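> Chain residues, written in single-letter form:
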Amino acid sequence: MAKIIVVTSGKGGVGKTTSSAAIGTGLALKGYKTAIIDFDIGLRNLDLIMGCERRVVYDFVNVINGEANLNQALIKDKRVEKLFILPASQTRDKDALTREGVERVLNELKDKFDFIICDSPAGIEAGAMMALYFADEAIVTTNPEVSSVRDSDRILGILQSKSKRAEDGLEPVKEHLLLTRYNPSRVAAGEMLSVEDVQEILAIDLLGVIPESTAVLNASNSGQPVVLDGESDAGQAYNDAINRLLGEIVDFRFLNVEKKGILKRIFGG
Amino acid sequence: MSEQTFELKGNLFTLSVLHLFSVDITQLRKELDEKISQAPKFFIGAPIVINLAKLHDTNVDFATLKQTLIDLQLNPVGICNGTEQQNEAAKAVKLSVLNYSKDNAKPVQPKQNNTEVVEVEKEVYLPPQIVQTTVRSGQQIYAKNRDLIVLGAVSHGAEVIADGNIHIYGTLRGRAIAGAQGYDEAAIYCQRLEAELVSINGSYWISDSLQGELWGKAAQVKQKNDSLEITALVKG
Ligand SMILES: Nc1ncnc2c1ncn2[C@@H]1O[C@H](COP(=O)(O)OP(=O)(O)O)[C@@H](O)[C@H]1O
Ligand SMILES: [Mg+2]
Numbered sequence: 001m002a003k004i005i006v007v008t009s010g011k012g013g014v015g016k017t018t019s020s021a022a023i024g025t026g027l028a029l030k031g032y033k034t035a036i037i038d039f040d041i042g043l044r045n046l047d048l049i050m051g052c053e054r055r056v057v058y059d060f061v062n063v064i065n066g067e068a069n070l071n072q073a074l075i076k077d078k079r080v081e082k083l084f085i086l087p088a089s090q091t092r093d094k095d096a097l098t099r100e101g102v103e104r105v106l107n108e109l110k111d112k113f114d115f116i117i118c119d120s121p122a123g124i125e126a127g128a129m130m131a132l133y134f135a136d137e138a139i140v141t142t143n144p145e146v147s148s149v150r151d152s153d154r155i156l157g158i159l160q161s162k163s164k165r166a167e168d169g170l171e172p173v174k175e176h177l178l179l180t181r182y183n184p185s186r187v188a189a190g191e192m193l194s195v196e197d198v199q200e201i202l203a204i205d206l207l208g209v210i211p212e213s214t215a216v217l218n219a220s221n222s223g224q225p226v227v228l229d230g231e232s233d234a235g236q237a238y239n240d241a242i243n244r245l246l247g248e249i250v251d252f253r254f255l256n257v258e259k260k261g262i263l264k265r266i267f268g269g
Numbered sequence: 001m002s003e004q005t006f007e008l009k010g011n012l013f014t015l016s017v018l019h020l021f022s023v024d025i026t027q028l029r030k031e032l033d034e035k036i037s038q039a040p041k042f043f044i045g046a047p048i049v050i051n052l053a054k055l056h057d058t059n060v061d062f063a064t065l066k067q068t069l070i071d072l073q074l075n076p077v078g079i080c081n082g083t084e085q086q087n088e089a090a091k092a093v094k095l096s097v098l099n100y101s102k103d104n105a106k107p108v109q110p111k112q113n114n115t116e117v118v119e120v121e122k123e124v125y126l127p128p129q130i131v132q133t134t135v136r137s138g139q140q141i142y143a144k145n146r147d148l149i150v151l152g153a154v155s156h157g158a159e160v161i162a163d164g165n166i167h168i169y170g171t172l173r174g175r176a177i178a179g180a181q182g183y184d185e186a187a188i189y190c191q192r193l194e195a196e197l198v199s200i201n202g203s204y205w206i207s208d209s210l211q212g213e214l215w216g217k218a219a220q221v222k223q224k225n226d227s228l229e230i231t232a233l234v235k236g
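Chain order of the listed sequences is V and D.
So in UniProt numbering, spot 168 of the first sequence is number 168, and the numbers just go up one at a time.
So in UniProt numbering, spot 108 of the second sequence is number 108, and the numbers just go up one at a time.
Since the hints were derived computationally from the structure, they do not count as laboratory data.
A quick note: this is a predicted structure, and the numbers were derived from the prediction, not measured.
Among the hints, erroneous ones may be present.
What the hints assert, rightly or not - The calculated label-pair distances, taken between Cβ atoms and stated as ranges, are:
{"hint": "1", "chain 1": "D", "residue 1": "L15", "chain 2": "V", "residue 2": "Q90", "range": "43 to 53 Å"}
{"hint": "2", "chain 1": "D", "residue 1": "A218", "chain 2": "V", "residue 2": "R104", "range": "27 to 37 Å"}
{"hint": "3", "chain 1": "V", "residue 1": "R79", "chain 2": "D", "residue 2": "L15", "range": "41 to 51 Å"}
{"hint": "4", "chain 1": "V", "residue 1": "Q90", "chain 2": "D", "residue 2": "E3", "range": "36 to 46 Å"}
{"hint": "5", "chain 1": "D", "residue 1": "Y125", "chain 2": "V", "residue 2": "L246", "range": "44 to 54 Å"}
{"hint": "6", "chain 1": "V", "residue 1": "R104", "chain 2": "D", "residue 2": "Q4", "range": "18 to 28 Å"}
{"hint": "7", "chain 1": "V", "residue 1": "Q90", "chain 2": "D", "residue 2": "S96", "range": "19 to 29 Å"}
{"hint": "8", "chain 1": "D", "residue 1": "L15", "chain 2": "V", "residue 2": "K162", "range": "52 to 62 Å"}
{"hint": "9", "chain 1": "V", "residue 1": "E125", "chain 2": "D", "residue 2": "G182", "range": "34 to 44 Å"}
{"hint": "10", "chain 1": "D", "residue 1": "Q191", "chain 2": "V", "residue 2": "N69", "range": "31 to 41 Å"}
{"hint": "11", "chain 1": "D", "residue 1": "A46", "chain 2": "V", "residue 2": "E196", "range": "30 to 40 Å"}
{"hint": "12", "chain 1": "V", "residue 1": "K110", "chain 2": "D", "residue 2": "Q73", "range": "47 to 57 Å"}
As the list claims (entries may be wrong) - Derived pair list, reagent style DSBU-like, types lysine-lysine, alpha-carbon separation capped at 30 Å:
{"hint": "13", "chain 1": "V", "residue 1": "K110", "chain 2": "V", "residue 2": "K11"}
{"hint": "14", "chain 1": "V", "residue 1": "K82", "chain 2": "V", "residue 2": "K33"}
{"hint": "15", "chain 1": "D", "residue 1": "K94", "chain 2": "D", "residue 2": "K30"}
{"hint": "16", "chain 1": "V", "residue 1": "K110", "chain 2": "V", "residue 2": "K162"}
{"hint": "17", "chain 1": "D", "residue 1": "K9", "chain 2": "V", "residue 2": "K164"}
{"hint": "18", "chain 1": "D", "residue 1": "K144", "chain 2": "V", "residue 2": "K164"}
{"hint": "19", "chain 1": "D", "residue 1": "K144", "chain 2": "V", "residue 2": "K162"}
{"hint": "20", "chain 1": "V", "residue 1": "K162", "chain 2": "D", "residue 2": "K9"}
Glycine included, each C-beta is placed from N, C-alpha and C at the ideal position.
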């Protein structure tokens, strides 16, 4: 039975889709059969970041409406065995998702997969509620700034009260904090909240800290999830986060301003 | 299946209550204006209930009163504790007549006959309402007729209300309203005071007024002389 994990935030542009792609790909690389679902109906970002936009024929909404079956709509990744993407529709609006429809698709996927990653749209409206409703775990993606932390706090309240687990009185949704776009030098300058500041306010387990990195932009421009770039700081930080998600204890990296080595100082870097 | 266009549900809201001590509306306008200028954000558009308890059966010019409050960018919604006459006059200018439990206590009637009636009052203990987690932004908790204990924090944008005391073992960043039904000995206790608003029995302070010595410290908030008093939680 698959675990359903929602990647959510409240605020837009914090790195949900980047993180969904990286974590989903990382789990599949470790041998877990993984599906990433794009819940951001109308925008369709995930397929671009995964580099499979030209292979989209049917989408999530088609499956919900019974116009295609799951096997037709799931796109198998060409690089990583066991990785599948269910793209969003670009032509429909957010109301195209019904709770019954989403539940049916998730139930069908659950039997065949180990992990289902739900890439949530921003906001706290219908689309975001749909993405988190059936979740077993939530990766609350947060940037180290006040407005993003507030929105994450709001989402945590919704997970506690409006998710299926909450409504059914089951064990609560397991909450993880993923701090993204972390810029240690701006934190040191007092322009951004520190890891400790954010943890103090949100008070949930820290899954990972992803540094602000040019590797992310390069990765999304070339349609390669950033974990595939094992040399990059962001790729490594995502990999650490995935190991923690799987229960390992991993030290945190990339939290402090890197001191430039003597060679870098001479030659620039 | 036809979609319903609405649903009617009861709910609890916190409203500011204007306790009117005089019918001098000119004076009221002056004093209110001053008060509002201290925290305009808090007041603009705020729904206001006018408590007439202290006016006994004086005639009130509700039309002018209402307009005055509107001019000050408040939103008068109703009155409470009026006499029958006052209630009728208020209704005539579309102010609702609200029930307010406090101050409503009827004077005890003298016994009609000589038979001795022994009334045994059953002591009812209402255990506190306990919240095991952090109260998150957008959430509201109301502990009716009892104390509220929050083991986590109260986030910015969250609101905790109790008719009794409020104990917060984490940081209070949002709003806390104790003694909501008029219990003036209610207190708010918190491990760390960084509140947006604290209120006890209708007296409130917003964050600006709280940022003194005990900001960020363990503190208790009580009502004193119709205002608030903040003291350290741990006596050294
Ligand atoms: N760690 C990072 N470093 C630099 N840029 C990032 C990082 N994470 C995300 N971004 C950039 O931020 C933007 C928003 O990311 P995206 O994943 O689409 O956010 P969301 O899905 O939350 O709206 C994108 O341009 C992305 O490349
Ligand atoms: Mg996105």
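> Give a verdict on every hint.
Taking the hints in turn, this is what the structure says about them:
1. L15(D) to Q90(V): 43 to 53 Å: holds (46 Å)
2. A218(D) to R104(V): 27 to 37 Å: violated (52 Å)
3. R79(V) to L15(D): 41 to 51 Å: violated (60 Å)
4. Q90(V) to E3(D): 36 to 46 Å: violated (27 Å)
5. Y125(D) to L246(V): 44 to 54 Å: holds (48 Å)
6. R104(V) to Q4(D): 18 to 28 Å: holds (25 Å)
7. Q90(V) to S96(D): 19 to 29 Å: violated (49 Å)
8. L15(D) to K162(V): 52 to 62 Å: violated (26 Å)
9. E125(V) to G182(D): 34 to 44 Å: holds (38 Å)
10. Q191(D) to N69(V): 31 to 41 Å: violated (55 Å)
11. A46(D) to E196(V): 30 to 40 Å: Hint holds: Cβ distance 36 Å, inside 30 to 40 Å.
12. K110(V) to Q73(D): 47 to 57 Å: Check passed, 54 Å falls within 47 to 57 Å.
13. K110(V) to K11(V): With Cα atoms ~28 Å apart, K110(V) and K11(V) stay inside 30 Å; holds.
14. K82(V) to K33(V): The hint holds at about 5 Å.
15. K94(D) to K30(D): Distance of about 24 Å is within 30 Å: holds.
16. K110(V) to K162(V): holds (22 Å)
17. K9(D) to K164(V): Holds: K9(D) and K164(V) sit about 23 Å apart, inside 30 Å.
18. K144(D) to K164(V): holds (27 Å)
19. K144(D) to K162(V): holds (23 Å)
20. K162(V) to K9(D): holds (19 Å)
In this structure, the hints that do not hold are numbers 2, 3, 4, 7, 8, 10, in rising order.
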